[in-house]
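Colleague: With the hints as extra help, turn the sequences into a complete structure.
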Amino acid sequence: MSAKQTVAQAPGIRQTMSDLHIWTGLLAGWILYAMFLTGTVSYFKDEISRYMRPELPVAQALPDAGRTAEQVAAAILAQTPGTPQLGITLPTPRNPTASAFWRDPQAKGRGFGSGVFDPATGARLDARETRGGDFFYAFHFNFHYMPVIWGRWLAGLCAMFMLVAIVSGVITHKKIFTDFFTFRWGKGQRSWLDAHAALSVLGLPFHFMITWSGLITLMVLYMPWGLQSLAPPARQAVTSEMRFFVPPGKPAGEAAPLLPLAGFVQQAQARWGPDGAGTVQVNHAGDANARVLVARQQAQRVSTTPQYLLFDGVSGALLKTKDTSGPAATTQGVLYGLHLGRFADIATRWLYFLVSLAGTAMVGTGLVLWTVKRRARLPDPDKPYFGFRVAERLNIAAIAGLSVAMTAFFWGNRLLPMEMAQRANWEIHLFFIAWGLALAWALLRRPKRAWVELLWLAAALLALTPVLNALTTSRPLWRSLAQGDWVYAGLELTLLALAAVHAALALRTARHQPRARPVRKGGASQPPVPALPAEPVGEGA
Amino acid sequence: MTGAAALFAKARSVGPLVSRIVAAVCGGYALAALFSVAALALPGPLPEAAMTGMVASFLVYAGAVVWVFAVRSATRAWAGLAVAALVLLPLALWVRHGGAA
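These protein sequences, in sequence, are chains A and B. Counting in the numbering used here, the first sequence runs from 1 upward without gaps. Counting in the numbering used here, the second sequence runs from 1001 upward without gaps.
Hints may be right or wrong, so weigh each one.
Pairs of lysine-lysine, DSSO-like flavour, derived with a Cα cap of 30 Å [unchecked claim]: (1) Lys250(A) / Lys322(A); (2) Lys174(A) / Lys373(A); (3) Lys383(A) / Lys1010(B); (4) Lys373(A) / Lys1010(B); (5) Lys250(A) / Lys108(A); (6) Lys383(A) / Lys373(A).
Across the chosen pairs, the derived CB separations fall in these ranges [what the hints assert, rightly or not]: (7) Arg1072(B) / His429(A): 50 to 58 Å; (8) Pro1043(B) / Gly484(A): 52 to 60 Å; (9) Val1083(B) / Arg449(A): 53 to 61 Å; (10) Pro232(A) / Gly1044(B): 15 to 23 Å; (11) Val1014(B) / Ala107(A): 21 to 29 Å; (12) Ala1079(B) / Leu378(A): 37 to 45 Å; (13) Ala1011(B) / Trp150(A): 51 to 59 Å; (14) Val1018(B) / Arg446(A): 30 to 38 Å; (15) Pro1043(B) / Thr121(A): 29 to 37 Å; (16) Leu378(A) / Ile1021(B): 20 to 28 Å; (17) Gly387(A) / Ala1079(B): 30 to 38 Å; (18) Ala1030(B) / Asp323(A): 36 to 44 Å; (19) Leu221(A) / Gly1044(B): 19 to 27 Å.
Please keep in mind that the hints were generated in silico from the structure rather than gathered at the bench. Even glycine gets a Cβ: it sits at the ideal position worked out from N, Cα and C.
Modeller: What follows is the structure, given as structure tokens:
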């Protein structure tokens, strides 16, 4: 072919964007599916954590925040008197215990102690050792079994692939709005394409926001170059808009009594309302240079830019008020806040969960669509090429296998012995062991069987989790419903609903018959006969 | 074909694609990083400009990747990135040499 001919036949933009979309989607899809699903459940991570610590009492009305701060601080200072810094996260309706960290030179690791406290008495709470919902949240952007930095780079790479997949997906999708109203049921590849497109277009603003904002949450890691060009004070001015952290400063060396914390909390509540105090930080308690910071409750605002009051801990004087941020910082804060959804009330939180679940299904249907489309074009369907076999098996493990693994995490939480060493880590090991076994199953069984069997396994495990809970704790579903404990009841009812979804998928997959194709067997030298008519380019797949 | 010629032919057919992938992954990142430094030249407080640069850089990266695969040849892909870099480079150098501080 001459150069002129090649140029004249160059593919159009929608074809190139289609290819780009398929490649970026496929290569990152298996990891993105896991990020999406663990991110989805993370909107209820506090509820999951409570479910996984059934020893903690059902939420009562919260005691006065000022008193809680005093009780917890007293407990920490009794144990670690000279600690240069302690921080208390005050209880909220979603998270009705107080948690705290403090600098402790005796503590192993990074020299920090931490604990969960009863907000009424300040007593340390003893519940089974578990990461709870925070495991899914941390996995979502750190993964596991690797240094946190590597995990974040991997997550960022996949997020960039996702961003490119979104942009290329929109460009390639010809009639993006009319097609939104098209769903051709029961038509094989067409149905998968329609499902994938509907899920993508329906939540497009969300998917774009969640991907871009996800990158922003770690932008200091991914794009530090601008910051590095700044002098340290300007650099701190940037990072202090992204994270609430005020360094301890230097102690005076002379003792002076710390004023009661309730007074400081009350001033914050006067400014921000009765639920306005989020965290209390005390630097150098008992020293003449003691400082008390009260930061605003995150759930009250969309933007994550910190707002706080800085007090002299001995005189009580208000030294600094941070309650504004510049427009660029606020934009960043709003995007960050939209990703985390900490501002969301219960209805908005459920909306987040559902749209995020749709995003997860978007990734999943895309992965399945890839194999469905290519299976139809295989010259010999019993001997697919290597790449197809890899994709097919990874799909099973990444999608059905992940459901099995996440449910196994709950089962481990209920079944592992309470006093087991490294109990929290073992719950996590169980998650990965289950996932690994699912992968092995996917490799050993024929693909369709593996799909059906793993989906049924997930359905069974999900449906039986409330049964397991009834057998191993004193908080069975009927009691949660009777008491109006909507954290427990809501979670178990959701598990049952998800079990039904998995069962439905298993049934449909089991009944699925691949469409008959006039492919000739026993003749590798025969040219493959395409069974479906070639689609016009604009369909975007 | 001789072995060498066959290899050369294979390299020629796959070369442009590899070139585009390098342009997209590495060139795109470099352009986004350059953008995040050049953004410090924006008027207003430096911390604000730095925020804008970081936040928008990912859109620059995604846009660069789409450009690389949308244009007709790998050469055009690189050329486009180079043109964008040439526009941003003076700003970034000015910032680096204390122009914005």
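Colleague: Each hint: holds or not?
Modeller: Hint check results:
1. At roughly 21 Å between alpha-carbon atoms, Lys250(A) and Lys322(A) fall within 30 Å of each other, so this suggested pair holds.
2. Among the hinted pairs, Lys174(A) with Lys373(A) is consistent with the structure: their alpha-carbon atoms are about 19 Å apart, no more than 30 Å.
3. A hinted pair counts as satisfied when its Cα atoms are at most 30 Å apart, and Lys383(A) with Lys1010(B) qualifies at roughly 26 Å.
4. Note on Lys373(A) and Lys1010(B): the hinted pairing holds, with a Cα-Cα distance of about 27 Å set against a maximum of 30 Å.
5. Straight-line distance between C-alpha atoms of Lys250(A) and Lys108(A) comes to about 24 Å, which keeps the hinted pair within the 30 Å bound.
6. The hinted pair formed by Lys383(A) and Lys373(A) meets the criterion: a straight-line CA distance of about 16 Å does not exceed 30 Å.
7. Here the CB-CB span from Arg1072(B) to His429(A) is close to 51 Å, well matched to the stated 50 to 58 Å.
8. The hinted range of 52 to 60 Å is satisfied by Pro1043(B) and Gly484(A), whose Cβ atoms lie roughly 56 Å apart.
9. Between Val1083(B) and Arg449(A), the C-beta spacing of about 54 Å keeps the proposed range 53 to 61 Å intact.
10. Checked against the hint of 15 to 23 Å, the pair Pro232(A) and Gly1044(B) passes, with Cβ atoms roughly 20 Å apart.
11. A beta carbon spacing of about 55 Å between Val1014(B) and Ala107(A) contradicts the range 21 to 29 Å that was offered as a hint.
12. Distance hint check for Ala1079(B) and Leu378(A): the Cβ-Cβ separation is about 39 Å, which falls inside the suggested range of 37 to 45 Å.
13. Restraint check, Ala1011(B) to Trp150(A): a C-beta distance of roughly 32 Å breaks the suggested window 51 to 59 Å.
14. Restraint check, Val1018(B) to Arg446(A): a C-beta distance of roughly 36 Å satisfies the suggested window 30 to 38 Å.
15. Restraint check, Pro1043(B) to Thr121(A): a C-beta distance of roughly 55 Å breaks the suggested window 29 to 37 Å.
16. Checked against the hint of 20 to 28 Å, the C-beta distance between Leu378(A) and Ile1021(B) comes to roughly 27 Å, which is consistent with it.
17. With their beta carbons about 32 Å apart, Gly387(A) and Ala1079(B) fall inside the hinted range of 30 to 38 Å.
18. For Ala1030(B) paired with Asp323(A), a C-beta distance near 39 Å keeps the hint of 36 to 44 Å intact.
19. The hinted range of 19 to 27 Å is satisfied by Leu221(A) and Gly1044(B), whose Cβ atoms lie roughly 25 Å apart.
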